[in-house]
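Q: Heads up: the sequence lines are chains A and B, in that order.
Residue 82 in our numbering sits at position 82 of the first sequence, with consecutive numbering throughout.
Each position in the second sequence, counted from 1, maps to that position plus 10000 in our numbering.
Check the hints yourself; a few may be wrong.
To be verified - No farther apart than 27 Å at their CA atoms in a straight line, the calculated lysine-lysine pairs in the DSSO-like style are these: (1) B:K11250 x A:K24; (2) A:K65 x B:K11250; (3) A:K74 x B:K10444; (4) B:K10869 x B:K10892; (5) A:K10 x B:K10599; (6) A:K122 x B:K10491; (7) B:K10241 x B:K10125; (8) A:K10 x A:K74; (9) B:K10444 x B:K10491.
Said to hold, decoys possible - Short, incomplete list of chain B residues facing chain A, as computed with Cβ under 8 Å: (10) L10470; (11) A10473; (12) Y10481; (13) E10557; (14) C11258; (15) A11259.
Please keep in mind that the hints were generated in silico from the structure rather than gathered at the bench.
In this text, all values refer to a predicted model and were calculated from it rather than measured experimentally.
For each residue, glycine too, the CB sits at the ideal point set by N, CA and C.
Take a look at the letters that make up each chain.
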Amino acid sequence: MTCSVAIISKDNSPLYVLAADMDKETELQYNFHSALDIVDEKSSNTANKNFDSFLGMLYATELYKIYGYMTNTKIKFILIVDSLNSALRENEVRNIFRSLHVEYTNYISNPFTIPNEPIFSKSFDKNIRNICKA
Amino acid sequence: MRSSLCVLNAATGDNLSMNFPDYEQLSSDHGRLLILIRGIGPNKPRSLQKIFERIQKIDNVKIKDSTGQTRDIYIRYVRDHAVENNDWGDFQTHRRLLGLITVGRFDSQGELNELCRVHESLKVKYTSTLYDSRALLFAPAKSNECDEKSLENSCPNESSLNGFKLENDEQKILADNNMVLPTIFKSRGFFYTENSSCPNLESRIHDFINALFWILESKRLERSKEKFDKVNLLLAPFEKKDFVGLDMESRNNKKRIMGRITKNLADLTLQCGLIAESLNYYHAASETLRSISDSLWLGGAQEGICAASAMILYPHLRHSVNFHRNISLQGNPNTLTEKNSSSPQKNLHRASDGSRQIIQHRKLDLKINLDKSHNQHNETLSNTSSSADSTTISSSSSANSLSSSNDSDKRTSSNGSQNSVPANILQPDEISSRYREAIINYSKYRMAGIIETEAALKAARICIEQNHNLEVAMFLQNVLYINLNMNEQEKVRRFETLTELYQQIGYHRKAAFCQRLAAWRHIAQNNTNPDWAASYRLMLNSFKGHKLSLEPTEVLESNQGWPCLQIDLLQQLIGAARRLGQSALATRHMTYLLQTQWKNLSANEQKEMALQLQSLSAQCEGSPVPLYLENGTFIPPANLTDLPFCESFQLKDLPASQRPHKIETSKVDQGPFLFTPIHFNSSIDRRTAQAKKRDREVSFSWVQHDKSEIEIKLINPLPFELQVNDMRLLTDGVVFESLPQSIVMPPNAPMTISLYGTSLEVGELELNGYSTHTLGVKSNCRLKHMFGRCFPSSYKVNVISALPTMNITTSLPQSTTFGGLSHNDEVINSASVTLYNGETHECIVMLENTSNIPIESIEAILQSSFDQKLQNRIFSYDIEEIRKQLPIEPGKKIDFHVKIFGDADFVGTIASGIGTSLSPHQNDGPSSLSGVNSLLSHSHSRVGSPIQRTRNNEQNMSFRSSTTASGATVNSGHSSLATLSLGAIMNASNQTRQLEFKLVFKYSGGVALNENYCRHCALTIHLELIPSLQITNWDVLPAEIASQFYLVLDIANLTSQEVSLEYPKNKTMLIEPKESCRVPVPVERCPLDKILNDYQQQQQQQYNYNSNECGITFSGTSDVDLSEKLCAEHIASLVDLKWQFSSADNCGIASLRGISLSSTMLDLVTVAPIQFYVKINDKEVSPSDEVSVSTGTQIMIELSVRNNQANALSNLMLTLQFYQDFQNGVHNYRLETRVTMSGPNYTFISSLNKNEMASHKCAAIFFTPGRFKVDIQCKTQSSSSVSNDTHHTWKFIPPIEVLVN
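For reference, chain A alone in the conformation it holds in the complex (with noise of 0.2 Å):
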């Protein structure tokens, strides 16, 4: 099972991005940022209420499923899926946003890191396609 994903910044430009299927990373790249509308809307409307980071399926296109999570800073993790892979419930994407989570946190960890600027890792990329490819 592969699935792309995408990093984004809290002020909404990509961090990283993989790309499962490298002839669609246009498509996807289009599908990821206009995702980030719906973030936004999702993430303004529960800042109030009990925050959860996972911000469940943004929308589905023909092809896609397209799942969110959002940090508590702002970090927006963006999940597509294939949508003929109904296997997937949606307790397996929160876990795999929280293992990206994860991944993320021990990435920014590092005190070499600087916040905000997009991410060129060799380890964070291996780690996070182990996580897709999981």
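We have chain A; now place chain B onto it with these hints.
A: Structure of chain B alone, referenced to chain A:
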């Protein structure tokens, strides 16, 4: 949301489905009558537009029905209507076109006929649904009053032929133009003259609507009274085949018929303005249809419920709809964005509105219940308010409504339809869920795609109203799923509608995505006629959603968005612009891309893009001017500010020799305080503002008409050679002429270049950056647009008036090296000269004015690291000589003379001889050692006479001892030098000295002189001094004449040539190279008293207020120091040793400046204060004379002393004593057996005034022959005198020798 059921009716994929979704449709349109309004004929659209607007204003008509109830009838006007859409009229009656209004203008009968024909053909086109039609026809304006009557007769009553009667004025209009209505025209036509105000237009339209309403109302009543079993099944267009062969009599089918009829009735009722009633029908229909799972019609009924509910909940939507629609029709992006920007507030407002209304409705409900106290209504209310489950509500409420439809009918009629809220209305939250259900139902039919699309859009619009953005997003997302068999244009329209709706809810990214998709559709490969212009326009509009701004600097500043997509978008945009043939735009966008996305591009991409830009700009050169598109969009210039990348931008001061300097004027004292802590309009921000200002202000000034330089460090980030042409400075303020510069930058390499320019005016110049022309694009690279470097937005530099320039040349050769003088950059020329110590050279300095401004003032200053005295000894020039020749006109030259003297310390070996220091430059004053000398001698003199005496003895012998090399005491230190070999001395002082001096000229002229500016330029003079003579030893000897003494000098010739030395009295002496010889120089004695007096007077003048301390008394060491110094000066001024090379004509002098004298020497040098006159046997005897006497004879000795001092001496003791000198250092004073004195051998002189004489006589008889000497002394006795508190002894030396035979 999308149903996972497999699509029903998959087989019926034929052309029956309508292809033209109505994207503008609103939920409130369910309750409107559809009227087509169409301009016909070759009209000027401008004149018709007004009529259209007037008609469109009439969208709400209140009509009293038969029961006296007021019906609110709403109209929807459309400009175009596809006939196919009429086919769905059975499914949703508001899709039927009920009315037709044509508007046309004619000039002739032929045109009139044509208009009538078009009108009739339109009628035929929509004949299936059309109820009535009107034609508005405009005749040309003719104001021929005279024709009026005659023509009135000629047209009797033709109009009646067409089935209606024209009014009189209309007949007249026709008649005025000699026209008749064609017979084919079977409609009601209204005739107006062009430009008339058409006062009855509104009332006529009202009538028309009335007519339509009554027809509709009749249909509704007809429908409501029909028996279900007698009517045919209503069908959606694509269903026609489906029911072939089905059992029409089955129970299911009957239900189907009933349900559909009810739904149809509900639609009609809604259109007729009975909203509450229609709700009942809708509920009933949905209930019926649900039971037989007729999904399509169930969806229709559900949508109907939603529409009706929305109409009640949001009545303002119905009113404002035209306004909205007009805006969207115009498609003005500005108003759209405006609307978007204000949308959050609006939404809030709407939301609060909505909730208020709901509360109001509830209240009304309660009131109704109280009035009526119907149980079932109570139930309904409790149901709706308590249960959250929408399905239960709908089921229960619909059940209720079915049973109580009559009741509710009554109720609405009794209360008036306007104010009541039906109980079975949907709550706002339910509307969207009900819409969702409807859409799910629709989605089961592929053929109902249009309906589904429209429903989704309508739902989205309701949700926008409710401010449920997520729902909106969901509905809109759903629209994209719907697979419609549309052509590309329709797809584009769909995306555009989505864009607009997304923008309304502030989803700019989604909107941008849709715009992007629309743009793709325009140019899709299967699009038969790609529209690049539209695609371009759409992409440009999607900038906002991609967080791009047309202004590149804004993009760089905000640094937001999704770079990858931005690049993609820009590339597509460039492609579209190229396809359009707009190479200017393509170049502009490419520049923009490079400028804004540079850091997001990989190195390879950067290279490619740069090359692309180069090829694009080959077609159309980019320049920094804004471009305007046809639709008024303004595309600001894009500048490649970072190509090449500017790393530093530095203003250069003028070269030091051309730098303007302020002429120092003595400071005018403003007050006693230099600093005040009080700031008058002080504040911290002023200080920070000043600091900021200081940042961009430059400390130096530039000069008008002078070439100024700016140094720029550039980096070419591209992997190929970058040609940058025409680089110029961008300035503001005074007129500045910038010299263009072209460079070729090597790949990936830094480069430092200088840009030059000349300011033509005086004032403040602002430097904002530079312009380039690279890759075929002209750019203005302003400093403020260069991000990431801390450049100020501009540099300000003061430009002062033009100054002259001057060149210096000399008669001397230029020196090969410029020395290390501190400000050597002012130096514009150099000169070097080699002199022997003591030699003098005169050179000529030429000053040339190289500018076109006369030099009016020159000042010359000599600078060096040496002290002023030395400078003045070496250089002498007359500044007046220059001043007399001023001004120097442009291009002219003046000369002046400078004398250079090879100054040196010829007396210079004390230090090196004794070995304490080896400094090549010796002190001018007495060395520290001589200080020690005097100290010692002073202490001696204080200790007491015996020691003093021995000292005196030694000193008497000192000169002799120098030859015998015996003395090692400090006092004979000078003499001890003789023990050092000459070679050592020469080694110590044989070094040539390199001296460097700078002659600085400060000159000015013209206006700048008045502004107190000048320039400095300098000439360095490199002086090499070669040692010539050196005085290694010196001593003093008494001369034959009392007023003189001999200065005996050991002079070494340090040159390699034979030197002839001329010492006074025209005596010359030749000194071989590297040889030394001793020269006695007779020198006048130093009248110390006189000099001292002069000196004291000077001192007194200086310290006249402190005369007590420094007045007359000079005591202790200072006295001795001072007198030594003065004596040394005296000697130096008197003795000048002239020397000349025997072979060459070099000549010079050697001065004795700096000679140091011990205190005993001083006694000889100075004029003795006491002058002795000795007479033996009445014969004057001079010192060292020899007197011969015989034994036994008495000799008379007369001693006289005379005071030469200015001060009176007192308590003097004059003594006389014979002794024998054994010539071995032993003196025998015990001569009692050899000589006897008659008379005292001493006398006491109590006081001796100036020039006074005192004498003493005595006699002596020698008993034995031999050599005797006479020691004559004069001593001060006690310390009572003011001037002498010490013992002082004056002797008559050398002692007289007496030879006794």
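Q: So which hints don't hold here, by number, going up?
A: 1, 2, 3, 4, 6, 13, 14 and 15
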